[in-house]
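Undergrad: Under my numbering, the first residue of the sequence shown carries the number 2, and numbering increases by one thereafter.
Source of the hints: derived by calculation from the structure; they are not laboratory data.
Note that the structure is predicted; figures quoted are calculated from it, not measured.
Ideal placement from N, C-alpha and C gives every residue a C-beta, glycine not left out.
Just to be clear, a hint being listed does not mean it is correct.
With beta-carbon atoms standing in for the labels, derived distance ranges [to be verified]: (1) Gly22 - Gly57: 34 to 44 Å; (2) Gly57 - Glu29: 30 to 40 Å; (3) Glu56 - Ala30: 34 to 44 Å.
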Amino acid sequence: MTTERTLILLKPDAVQRSLRGEILRRIEAKGYGIVALSQRLATEDVLAAHYAEHEGKPFYAPLVEYMGSAPVVAIVAEGERVIEGFRSLAGTTDPTVAAPGTIRGDLGRQWDLPVIQNLVHGSDSPESAAREIGIWFPELG
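Take these sequences, add in the hints, and give me the full structure.
TA: Right, here's the structure in full:
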């Protein structure tokens, strides 16, 4: 087995709907440890670095605007295969079709907005996790 770290973001909709505790409960119930946690309003520089691969795409500007519109909670979680495990726990991107039992399936809503508000972000690979953790928690890099 491989112990790894991942970045998890509780997006503005999760914070505004007071779902921090429920989402953290699910992360910890899955057996993952919380290495770092911080609630903050994301700066333009942090969001530009985080979403750099999407710059120029039609959804980039609305996504950055949404992610900077209210506080987010940035988390570094650690555990066996945590990247794959958290993404499974989160559920598919579209909350309307996300499976029951997942964060997005149980708690997500579908809105007719420029950006799907789907509660959470999780790194998709060890390389992305290292890059994203370095952006949000440079002291851990």
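Undergrad: For every hint, state whether the structure bears it out.
TA: Taking the hints in turn, this is what the structure says about them:
The supplied range of 34 to 44 Å is met by Gly22 and Gly57, whose beta-carbon atoms lie about 37 Å from each other. Checked against the hint of 30 to 40 Å, the C-beta distance between Gly57 and Glu29 comes to roughly 38 Å, which is consistent with it. The hinted window of 34 to 44 Å between Glu56 and Ala30 holds, with their beta carbons roughly 36 Å apart.
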